[in-house]
Each structure stands twice: as C-alpha cells, then as structure tokens.
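Since the structure of chain C is provided, determine the placement of chain Y on it from the hints.
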Amino acid sequence: MDESLINAVRTILSDVESTVPYAVGTFFNNRGLNIDLDRKDEQLASAPSNMGFVLSVFNGEHFEEFASDIINKDHLVNFCRAALDTVKIKKQKHILTPSAGGDRSFRTAEKIDPESVSLQEKMDLLRERRARILSGKNVVNCAVSYSEESSTKIFITHNGVVREEIRRISHFLVAYVSRGNGVKYDYFSTGGTGGYELIELPEDAIDGIISTGNRLLESEHIEPGFYDVVGTPEIAGLIAHEAFGHGVETDMYLQDRARSRDYLGKNIASELVSIIDDPSLPGGYGSYFIDDEGNIARATYIIKKGKFIQGLTHKYASAVLGLPSTANGRRESFARKIYTRMSNTFFKPGVDNPDDIIASIDRGVYLIKGLSGMEDPKGWGIQVLVLYGKEIKNGKITEKLFSPLGITGYVPDLLKSISMVGEDFKIDVGICGKGHKEYVPVSSGGPHIKTRVRLG
Amino acid sequence: MTDKLAEKITARGFDDFKIIEVKSNDKQLYLLRERIESKRTIESLYYDVTVYVDHKSAGKKLRSEYNFIYKPGGDLNFYLEQAKFACSLVKNRHYDLLRAVEPPNVDLLDPHLDDATATGADLADTIYKSARGAGVRLSSAEIYLKRSEITLKTSTGIECSKIKGLIEIEITLIGSEGGKEQEMNFQVKRRRIDDLRLQERIAEYVKHTVNTLNVKIPTSGKANVLFNAADIYGLMSPIIFHSSGKAKDQGMSRFNPNEAIVGQSENDLTIKTSGIIPFGLYSDPFDDDGIPGQEHTIIDRGIFKKHWTTKRYADYLGVEPTGSFKNLVIESPSDSSAAHDNYYEIVQFSDLSPDPITGDLVAEIRFGYHVQNGKRTPIKGGSVGCNVFEALNNTYFSSDTTFEGRYLGPKFVILKDLSISGQ
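Top to bottom, those sequences are chains C and Y. Start counting the first sequence at 1; every next residue gets the next number (the working numbering). Start counting the second sequence at 457; every next residue gets the next number (the working numbering).
For reference, chain C alone in the conformation it holds in the complex (with noise of 0.2 angstroms):
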C-alpha cells in the first residue's frame, strides 16, 4: 500500500479530530491462490480481490460509513472529504473511542511461506493426492481445492496506525462414490493461520474418507428421537459456535434478539462445560491480531464451568450496552457492515478420555463429521447438520452408519446434559454467516463430548 496515501488519510482523520467523536480508516487487500482439481479438470485462479477502504465515522448518534475499491490518492482524498462534508454532528448519545494509538504492525507466524514453494510443486502434490483418491474402490469424481491467502489490514486513526498480516491456508478433499445407484461422499478438511506446512494430512486421511463413502452407500436413516451421544472435538465446536456462539453476540442483544442476556452471571450449562472465544488463538483459521475496529486481540471466557460469564461485543455494542469490550468486531469485506462476530470457537478440554466416553453409553451414536448448523439466539433452538454419525452399542462403536443426521434442540437443555468432556483438543476451518450472509472465516472444536439430543 502507498505510504502517501496511508498518510493522506492520517490527515483527514487528524484535521476533524476535535469536531468528529469518532473517525478511522481501514485498508483491506489480500492476494493469494486456488487450485481446484477434479477428476478431468484442473482450475487456477487468483484468490478474489478484497481490495477497498472504509471511512467510519460516529455522529455521536449512529454511524455512517463510506467505502471504495477505487484506491487511488486524489480520487480517495476527495471521496474522504466529501463524504466528511456530508456528516451531521449530533449530540454524544454515546462515547466510542478509535482503538488503535501508535505505530505497531503484527504478521501470522509460518514455518514454509507458500510463496517460496513453486506452484509445479503444489500442483504436483494435489494430483498426487487425486490419483489416490480417483484409484479407490468405486470412487467416480473427486475435488481437490487448496487455497493460499495474505489478508493485509491497515487501521489509521488520527494518532496511529496498525497493520497486521494474516495467512490463511486451507485444503480440502472429498471423495464421490457410487455403484450405480445414487452418489455418496465424504471429506477431509485442515487449514489454519501460518504457512504451506499446513498441508500435511494425517497418514489415513484419504483412504479414510474412500472407505467412509463406501460404507455410506449402506448407511441407514435413524429412527427421529433422543439419544445419548458423543461428539467429535468438530461436532462439539459446532454446538459452540452455533448454541452459544451466535447467541453471545450482544449486537443481537441491542435488538432484543438473544435470550442469553437474561442470563450473564448464571449458571447455563453443565458445571463441566466452559466455552472460549479466542482470536489470538496460534494457528486458528479465525484468528486475527486485530480486530476490525482496531481492538488487540485476546480470549474471552464465555461460559466458565458452567456460569455465563461474558458476550462477545463490538465498539458500538459494548458503548450503549455498557459491556466489557472484546476484540470481535468484524466485517466480511470492505463493502459490509461491522458486527459482533466469532472468532476461534471452542469447549475447553475436560479430564475424560474420550474411549471412556464412548465406553459410558449403552445406546446411542458416535457423531463424526459436521455439515452445517443455524443460529436462533431468541428462541435458544440449535440446528447442527451431520454429515455421519456410527452406533454405540454397549460401549462399542459398531458398523452401522446413520446418514445424514440432524441434532435439533433447546440449547439450555444440551448443555445443562454435557455430563463428560474428553482431554482431547482440535479445532477446524470453517466460515461463518451471521444468518444467511456476512461470511468471515471462523474456527470451532474441542476435545469429545457427551450429551444428549433430538436426532433426526
């Protein structure tokens, strides 16, 4: 980015400081790769542009804002200052302050920059990955989608600016199997913040999910009711993020639309559960430095051995509510709206060992691997798409396969009924819309637990 126009902005910002409560300016520009192969084609394009800037300014009764991507210093000058000119000042209903002061810069940690690795060789290395996957049993289709991002943020405010640089990787394979008869799949996904070295697989990973597709072409339905289950560390993240992840966001408090709020400083849950928000997590695909209104960074405790300790809040939220602020402001591009959103999402790990847990049921399922979920904070219901899910039999996962599975509920119900909660740890990649749209990458997980739900 051009340093005179960085500055430029620096001193919009800085000559309507004492008139304007509230004014910064944010710079988005990432580039990046994605390959994405399939059984007769291979695809190469450069990762979407999310190149723009953004003024934000606060009346002192609600904000106004005004973006391009048209990033040249006379046309963004001029923009700035008309756009300047346009604001009324109103009397402070609330005091928001810019975040940032300083000079600071911050850079996600990487072991293999994906830019010193050449694109044959990554090329080589995902068609070697396909013809595994193309070779196994009764398998008529693959994709193979690798995608490398550096996601550059600068933050100006009258009296500072900072810049982070994020690196995002993320890899995926499925596997399409068939014998004639209708086509089933199953798939395998890592990725995280640092560099290529994220795209290492764990040796089974691709025989696992050509057998897996197999075996759900003889996958049953499950007969709808309540069971006894024990969730992966990606289903337990995805009932965190969507049972009291979304639910947590207190720009839904402002609009009356979350029922947690009737519940800060209560017990919530089982008194094994707690629940984190972190964004400074190492390695987490939702991870950031800052957020973007300028906030460091830094975990918050949501739910603490079963007590709702705190929401997740952006400037605006945390201003008229009265909240302790966090660093979960952020935007899907710089032609979008800030919201409270989510960052790295997870259970903290219990004491169990999760073999034990799965020992502990008579009858119930084992849920393996996440599709999709839903929110509805007012209504505290939960909706989590399941991809599988096997059988437990007296304490033993057996061969029968239920697919696909649908864990509906009330949340205060599933996570009062956690009664074990596994040693383990993982995260995943994963995007999030807030409702149906405003897609930031997140991550969700922790070790197994065990519950129970309403499958369908």
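In case anyone wonders, no lab produced these hints; they're calculated from the structure. Backbone N, C-alpha and C define an ideal beta-carbon position, used for all residues, glycine too. Don't take every hint at face value.
[What the hints assert, rightly or not] Chain C regions said to be covered by chain Y (calculated; three or more residues, Cβ under 8 angstroms):
#, region
1, 112-125
2, 265-273
3, 286-296
4, 374-383
[Said to hold, decoys possible] List of simulated lysine-lysine pairs, PhoX-like, C-alpha gap at most 20 angstroms:
#, chain 1, residue 1, chain 2, residue 2
5, Y, K540, C, K122
6, C, K122, Y, K547
7, Y, K585, C, K40
8, C, K434, Y, K516
9, Y, K728, Y, K762
10, Y, K527, C, K73
11, Y, K516, C, K40
12, Y, K636, Y, K585
13, Y, K663, Y, K585
14, C, K307, C, K369
15, C, K437, Y, K636
16, C, K437, Y, K464
17, C, K40, C, K122
18, C, K307, C, K437
19, Y, K636, C, K266
20, Y, K517, C, K40
21, Y, K547, C, K40
22, Y, K547, Y, K464
Below, chain Y alone, put in the same frame as chain C:
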C-alpha cells in the same frame, strides 16, 4: 479501461480473454428498533478477467485458463505474470468462447434505484409504519439497494452491457406476551420495489410473530409437509445440480435424456430454466459466457429432456449451450387439485439446504403450522427429514401460481410421508 486491459492481455500473448467490468453503487441502511444504527455508501469498480492459453499434445487441442479480479490501483503485471505461469502448468480439454451474440431486452432495473437515498428512506418509513401490531414490535431491519452496470468483452468479439438493480431487506420482529418473547426474522430480495410486497409481507409476519408465542413441538412420525413458494427453489437444488452439464460430464448426474426422473411414470413435474422473466433475480440478458437469456425445458412431465450447460460443458458434451441455470419455473401438474386436511405447513426452516449430491434433507422447523381439519396450530422445533428424489414420487402442487424472485410456479408443494423428528 476495458480496452486498455484487453490490449495488455493481448500483448502478453494469451490466446483468448474475457473481461467483465462491474461498476456498482450501493446504499445500505440499518435500523435498530425505530432509529438509524448505521448508514453506508459504497462505490465499486472491478474487472473480472479470465485469460486462456491453448496447447497441443499428441495432435489434440488443449486449453488452460486463469481468473483474477483486477481493481484500479492493483498490480496488473503481477496478475498477468501469475496467469502466464499458471497457464503453462495446466492442460484441460479444449472449449471455445462464444462468438458475437444478440442479447434480448430483459428489465432488471427499477428506476427507483436511481435515487437510492430517497428510496431507502421510503422503505424505512414503510417498515416503521407496518412492523407493529398488538404485542409485536420492530427489532431491527437492514435495507440494501444496489445498482450495477456490467459490460462483457471477449477476444471473440462479444461486447455487450446490462444494468441491474437489486433490493434486499431483512426484518426482525419481536412478539411479547406476559413476559414471554419470540422473534420472526425474514429476508426478501427482489429487483423491483413492487415485487417486495413489503406492507403485505410484513403484515403476514406480524401475524406469525404473534403465533410464535404459543407454539407446540410437532409430533414424531410420518407426515405430509407443505413447502411454500419461497422454499421451492432451495428444495429443488438437488434436481438443479443433477441436471447440470458439469454433473453429467463428471459422472455425477442421475438423469439421462428421455428417462423418467423418478420411479413413478405418473409424476408429471415440468421444470424449466428461464433467464427472461422480467425482474427475475436470476434473469440475465447474457451470462458470463455471453450466452443470451433464454428459456429451456429441463424436465417435461416427469421426463428428463436435457442438461443445462455453460459453454464449456456444452462443448465437452457436444450439445448447444443453454447457459447456467437461471430462474426456476415449475408448471402445475394435473393432479394439483387433491385436497389435504392434515399436514405441517412450514413458514420458515432454520436452514433449508438439501444435499445437492445425495438429495438428503434434514432441516429444523423454525416456525410453521399443523393444519388439521381446517384448524391451524402454530409449531416450532424438531425437524423434517427426507430424500428429495424419493419424496418427489409423492407430491401435490397447488394450482395457484406465484412469482418469488427466482421462482415462478405453484404457490406451494406438499411432499407426502416425510419423517418428522419432534416430541
């Protein structure tokens, strides 16, 4: 700028190119209860560029392509270098770009979007006035107004333009009674203000919001389930996936031309893709390949007719391109008059996303009604499960039709004997 980009691409020795210039202006208005929380103004200009390199191997013509988004101020040389190198590593089957086309006229812009600020204020006013009732209040609303000018230029001589408008509104209502509260959140997206039916739609949801306060959980078992028009496009997504040329090319499609799509021959479902419905959300005078907006019958009275295809997959399959799947059109089958007196009418699912590949569907019931002997009992919770392909064996479509932005057809469909997970 498009011409300059074309010159630079040609000078680098690419065999073909496609440049889509997108220039847009947005106004966004966020309401918190009955005041403004935020206003946003966005200007955007970018170029969606695809470059192509041809190769020959053993006398066979092959092709590689690379796509990037260029924004003024970005590093064009970096992208072109990356593209050149990437294209040297990939050799796909060859396909041609389309040559000159004559797009039809399709109305896609409501003139109200020429003054988006005033239109946004009018819409906010309508929301403030309509989103209230006994025990119901406005929680929040978001209004998005967008006007885009799009130009396509290809190395094969296509050069055409279109102007599109888009209006998106999301509203949340809160119902309260005796200390109990529930919400109804809904979104509507249209190209024309009149098609939003905003006052009427809000009035319907005010009633639903009142009814959310006294809901029952549905009973587990088998039941008939009514899907409203707004959900029919999503419900049909497995059909749309399996009728694509890409699915056929990759051995994933379960459909073959002139075969029945489901087991029962009496199913007379007719499905079309239409890119020419005025103000249709997926209407398009021309798509990213330059294929002119058209209407095609994909399934004719239960018999699969042809796969819809982009230019690339049309060339691979050796058929004429239809363009990508646009608005879904369903023609009412003949048995639509069948009476029903015991079913679940789902007003809103938490997320209706059938697996497009397997057709499996599990969706939580966010709100609906159990309709029995003319009595409507509000329901919430539990889920509906089925396989869409199997469920289509036993359906009833309404004879009344409606337009729902990306869907034109029966007002509802009832799928019989679906699995309900509830109490």
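Results for each hint:
| no. | hint | in the structure |
| --- | --- | --- |
| 1 | 112-125 | holds (count 3) |
| 2 | 265-273 | violated (count 0) |
| 3 | 286-296 | violated (count 0) |
| 4 | 374-383 | holds (count 7) |
| 5 | K540(Y) x K122(C) | 16 angstroms, holds |
| 6 | K122(C) x K547(Y) | 16 angstroms, holds |
| 7 | K585(Y) x K40(C) | 56 angstroms, violated |
| 8 | K434(C) x K516(Y) | 48 angstroms, violated |
| 9 | K728(Y) x K762(Y) | 10 angstroms, holds |
| 10 | K527(Y) x K73(C) | 14 angstroms, holds |
| 11 | K516(Y) x K40(C) | 15 angstroms, holds |
| 12 | K636(Y) x K585(Y) | 24 angstroms, violated |
| 13 | K663(Y) x K585(Y) | 15 angstroms, holds |
| 14 | K307(C) x K369(C) | 28 angstroms, violated |
| 15 | K437(C) x K636(Y) | 28 angstroms, violated |
| 16 | K437(C) x K464(Y) | 36 angstroms, violated |
| 17 | K40(C) x K122(C) | 18 angstroms, holds |
| 18 | K307(C) x K437(C) | 30 angstroms, violated |
| 19 | K636(Y) x K266(C) | 19 angstroms, holds |
| 20 | K517(Y) x K40(C) | 15 angstroms, holds |
| 21 | K547(Y) x K40(C) | 10 angstroms, holds |
| 22 | K547(Y) x K464(Y) | 23 angstroms, violated |
Consistency with the previously given hints fails for numbers 2, 3, 7, 8, 12, 14, 15, 16, 18, 22, ordered from lowest to highest.
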